[in-house]
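Number of protein chains: 2
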Amino acid sequence: MSAAPLAPAAPRHRPLLTDAARPATFGVSTRDERGEVGQVRIAGEHPLTLYVDRREILTLMTLGAAPEALVIGYLRNQRLIGSLDDILSVQVDWSTQAAAVRTRGGLLDLDAKLAHRTKTTGCGSGTMFGDLMADLDTLGLPLRDDGPRLRQSTLGALAEALRHHETIYREAGAVHGCALFSLDGRLLYFVEDVGRHNAVDAIAGLMWLDGVDGSDKIFYTTGRLTSEMVIKAAQMGVPFLVSRSGLTQMGYEIACQVGMTLIGRATARRFLLFNDPGRFVFDAIGAQDS
Amino acid sequence: MSAAPLAPAAPRHRPLLTDAARPATFGVSTRDERGEVGQVRIAGEHPLTLYVDRREILTLMTLGAAPEALVIGYLRNQRLIGSLDDILSVQVDWSTQAAAVRTRGGLLDLDAKLAHRTKTTGCGSGTMFGDLMADLDTLGLPLRDDGPRLRQSTLGALAEALRHHETIYREAGAVHGCALFSLDGRLLYFVEDVGRHNAVDAIAGLMWLDGVDGSDKIFYTTGRLTSEMVIKAAQMGVPFLVSRSGLTQMGYEIACQVGMTLIGRATARRFLLFNDPGRFVFDAIGAQDS
Chain A
137 MSAAPLAPAA PRHRPLLTDA ARPATFGVST RDERGEVGQV RIAGEHPLTL YVDRREILTL
197 MTLGAAPEAL VIGYLRNQRL IGSLDDILSV QVDWSTQAAA VRTRGGLLDL DAKLAHRTKT
257 TGCGSGTMFG DLMADLDTLG LPLRDDGPRL RQSTLGALAE ALRHHETIYR EAGAVHGCAL
317 FSLDGRLLYF VEDVGRHNAV DAIAGLMWLD GVDGSDKIFY TTGRLTSEMV IKAAQMGVPF
377 LVSRSGLTQM GYEIACQVGM TLIGRATARR FLLFNDPGRF VFDAIGAQDS
Chain B
137 MSAAPLAPAA PRHRPLLTDA ARPATFGVST RDERGEVGQV RIAGEHPLTL YVDRREILTL
197 MTLGAAPEAL VIGYLRNQRL IGSLDDILSV QVDWSTQAAA VRTRGGLLDL DAKLAHRTKT
257 TGCGSGTMFG DLMADLDTLG LPLRDDGPRL RQSTLGALAE ALRHHETIYR EAGAVHGCAL
317 FSLDGRLLYF VEDVGRHNAV DAIAGLMWLD GVDGSDKIFY TTGRLTSEMV IKAAQMGVPF
377 LVSRSGLTQM GYEIACQVGM TLIGRATARR FLLFNDPGRF VFDAIGAQDS
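So the sequence lines, in the order shown, correspond to chains A and B. If you read the first sequence in the working numbering, its first letter stands for residue 137, the second for the next number, and so on. If you read the second sequence in the working numbering, its first letter stands for residue 137, the second for the next number, and so on.
No wet-lab data here; the hints were simulated from the structure. Some hints could be false.
Claimed, not checked - Listed next, with one range per pair, are the computed distances between beta-carbon atoms:
hint, chain 1, residue 1, chain 2, residue 2, range
1, A, Glu172, B, Cys392, 17 to 23 Å
2, B, Arg150, A, Arg150, 54 to 60 Å
3, B, Ala297, A, Arg170, 18 to 24 Å
4, B, Asp320, A, Ala234, 44 to 50 Å
If you're wondering where the values come from, they're calculated on a predicted model, not measured in any experiment. No residue lacks a Cβ here, since even glycine has one placed at the ideal position from N, Cα and C.
Can you build the whole structure from these sequences, using the hints too?
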């Protein structure tokens with residue numbers, strides 16, 4: 137969650153994990169407007185009930201591409217687990233539609249957080265345990281003179297890089313993609329899910345598993361920039377949040393509050409910079425190849 | 137929830153309601169790829185904490201266009217309230233971001249339902265209290281010889297009719313629209329919200345308030361057809377679920393299970409019929425003006 141170190145911290149501990157990805161798409165037969173029978177691929181959607189130390193927490197609806205990372209990132213982004221060290225194992229078993237997590241010391245304030253449930257907005261968003269706004273003041277993304285900068289010429293390459301990875305979206309639609317990029321535009325992670333909140337949680341889980349710090353990264357989502365997306369990016373310490381879609385008032389206001397550089401409607405050539413405390417560098421104004 | 141009567145039942149009771157709609161969009165300043173400062177409109181997103189008989193249930197994130205109907209439809213679709221008769225009043229106060237509901241007899245099995253939380257998939261989906269699959273067997277949409285039929289020539293007009301109503305989407309994006317149509321293509325309700333689950337819940341609330349039965353209606357959503365959308369349409373007794381977007385495997389499977397006519401990728405001219413027990417009438421094959 138810290139936005140401090142620029143160099144990724146070394147992973148200190150790796151939980152015991154299954155590797156239980158599901159097939160992403162399934163063929164179904166249809167009839168089109170001409171009455172003709174055809175076959176199309178549709179995105180998988182599967183219930184996965186999360187048990188932590190044998191206690192049922194909730195059921196996630198997921199594509200199932202990265203269920204272990206999803207569960208870890210969910211617990212991280214809900215602030216139910218403070219550190220990867222506290223997770224001993226994640227065992228996903230699709231035959232029982234269950235993800236069993238064993239922890240070292242249990243969950244943080246689960247009952248207190250259960251007392252406040254927020255049904256968030258984003259595409260496939262869900263329960264945000266605890267007060268959505270809780271600790272928002274602690275999620276500041278400080279702007280330092282030697283801090284990370286995002287160059288317009290890099291931004292233009294992100295949308296292009298993603299297009300080559302959106303295999304499930306191109307095949308079946310009905311999914312959102314989230315990606316983590318380095319400041320020089322390298323794609324570090326890309327996850328698609330039927331719920332965009334799942335995709336961002338899975339990337340948060342992968343970052344923990346690999347000891348990747350967010351403070352010098354760019355988070356890219358195909359979905360809208362709502363309050364939940366901005367808060368999760370801030371929790372991951374990522375100062376740059378980019379979307380090809382639009383944003384909501386609360387997403388905008390929280391980005392201003394935490395000092396996040398917020399970019400919407402991003403394509404290979406175009407974008408709208410909605411909030412920037414001074415990290416964005418216009419180095420390609422008028423460039424035809426940006 | 138019943139799919140029985142074709143004629144709308146007369147509203148038996150109308151709760152005391154506020155009328156606390158929020159402004160839908162807000163102007164923010166941006167900089168574009170040329171570095172030029174501009175103003176764009178973005179969709180509102182506001183927390184609204186639901187209290188039932190002074191007990192906090194959860195916080196909804198909503199555009200705020202129809203908060204009273206949203207709250208009623210949420211309680212209906214979560215099966216926390218069995219009938220509009222049980223709701224005495226809904227008081228929305230944005231200054232405290234609170235929706236206070238007074239009931240006649242309290243909520244149904246709230247504590248039991250809280251024990252099972254499902255984080256659903258759809259655009260802006262949220263907590264589905266209780267087991268998502270619970271009572272699915274009771275949600276059947278029987279196909280009767282004299283039952284409702286949807287004509288291809290009508291379907292073609294729905295997308296066109298909606299385009300004229302999507303004012304917030306055209307202005308600010310980042311919202312989903314849900315609509316209820318009669319079988320002859322008349323638009324009965326249209327609600328936009330930052331969460332598509334809110335838009336469907338608000339329509340469910342309006343249907344209760346007006347005593348409108350769903351069994352001879354068409355439910356149209358701009359969002360994806362996920363398990364949650366199909367279940368909610370089935371709970372409302374609507375046999376026709378149409379989307380301009382795609383669908384997920386679980387949305388498809390539940391539609392097949394409950395006998396719902398499921399149509400995706402719907403535009404003025406084109407569509408894909410994913411499941412139909414025999415209600416759809418191909419009366420415009422090859423028609424240029426469909």
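Exercise for the section: If any of the earlier hints don't hold here, list their numbers in rising order. Expected result: none
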